[in-house]
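S.K.: Okay, here's what each chain looks like letter by letter:
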Amino acid sequence: GAVVSQHPSWVICKSGTSVKIECRSLDFQATTMFWYRQFPKQSLMLMATSNEGSKATYEQGVEKDKFLINHASLTLSTLTVTSAHPEDSSFYICSASNPSQGFYEQYFGPGTRLTVT
Amino acid sequence: KQEVTQIPAALSVPEGENLVLNCSFTDSAIYNLQWFRQDPGKGLTSLLLIQSSQREQTSGRLNASLDKSSGRSTLYIAASQPGDSATYLCAVKEYGNKLVFGAGTILRVKS
Numbered sequence: 001g002a003v004v005s006q007h008p009s010w011v012i013c014k015s016g017t018s019v020k021i022e023c024r025s026l027d028f029q030a031t032t033m034f035w036y037r038q039f040p041k042q043s044l045m046l047m048a049t050s051n052e053g054s055k056a057t058y059e060q061g062v063e064k065d066k067f068l069i070n071h072a073s074l075t076l077s078t079l080t081v082t083s084a085h086p087e088d089s090s091f092y093i094c095s096a097s098n099p100s101q102g103f104y105e106q107y108f109g110p111g112t113r114l115t116v117t
Numbered sequence: 118k119q120e121v122t123q124i125p126a127a128l129s130v131p132e133g134e135n136l137v138l139n140c141s142f143t144d145s146a147i148y149n150l151q152w153f154r155q156d157p158g159k160g161l162t163s164l165l166l167i168q169s170s171q172r173e174q175t176s177g178r179l180n181a182s183l184d185k186s187s188g189r190s191t192l193y194i195a196a197s198q199p200g201d202s203a204t205y206l207c208a209v210k211e212y213g214n215k216l217v218f219g220a221g222t223i224l225r226v227k228s
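Top line first, the protein sequences correspond to chains A and B.
Mapping the first sequence onto our numbering, position 11 (from 1) lands on 11, and the numbers just tick up by one.
If you want our numbering, it's the 1-based position in the second sequence plus 117.
Since the hints were derived computationally from the structure, they do not count as laboratory data.
Be aware that a few hints might be false.
[What the hints assert, rightly or not] Taking CB as the label site, the calculated pair distances span: (1) B:S169 / A:S83: 39 to 47 Å; (2) B:S169 / A:N51: 18 to 26 Å; (3) A:H7 / B:E211: 28 to 36 Å; (4) B:A195 / A:S5: 26 to 34 Å.
Virtual Cβ for every residue (Gly too), placed ideally from N, Cα, C.
Using the sequences and the hints given, assemble the complete structure.
M.R.: Right under this line is the structure:
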């Protein structure tokens, strides 16, 4: 149980374009989803927290207009990187939880490798 | 602001050795502490989770301890194997459900 998937697993896009990453909880309803970014040889940094049906809460220094997060259903959250630049190239990982159903831990997806050329 | 530090940053050991990875955190007001494993280019696999009221957790060859008052945790790996080679991440959960990660220890077990 508690499986989280991400799609795509890797994506290459051109500078200036937008790219959408999906995060799905496959066997439980995720009231809360988290988006992290990981640069090479660095740890995970929380970008934002999203609760189903409400606006995401962004961490300090993360541009909410650049990283659009939508959590419209209990099993799906999306992260859209708008007007991507090479410095946005990173490994993006999502996690999901639902404390009210006993899923107190954050269950992590396999990650999405974004390369902006 | 919570800061999590992991020492050493990298470790290379021969197969069969017992080893200890260290994690320290600056704010003891945590909900729990979790150790993860990350293989190159992959997501995270949860290894052990210690609640703030607990002192240690064990799973197979892994044992994790927590000293909340001093802000320290250790992950002990017994009889290391080449398959243990990965990056090990420590994360503390703050009240509010946020995880703060350390930078990780890159472990290489040589056969």
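S.K.: The structure should be examined with respect to each hint, and the outcome stated for every one.
M.R.: These are the hints, each one checked on the structure:
1. Separation of S169 of chain B from S83 of chain A is about 42 Å and conforms to the stated range, judged on CB atoms against 39 to 47 Å.
2. Take S169 of chain B and N51 of chain A: their Cβ atoms lie about 24 Å apart, and the range 18 to 26 Å holds.
3. Judged by the Cβ atoms, the range 28 to 36 Å given for H7 of chain A and E211 of chain B holds: they are separated by roughly 29 Å.
4. Look at A195 of chain B against S5 of chain A: about 33 Å separates their beta carbons, and that is inside 26 to 34 Å.
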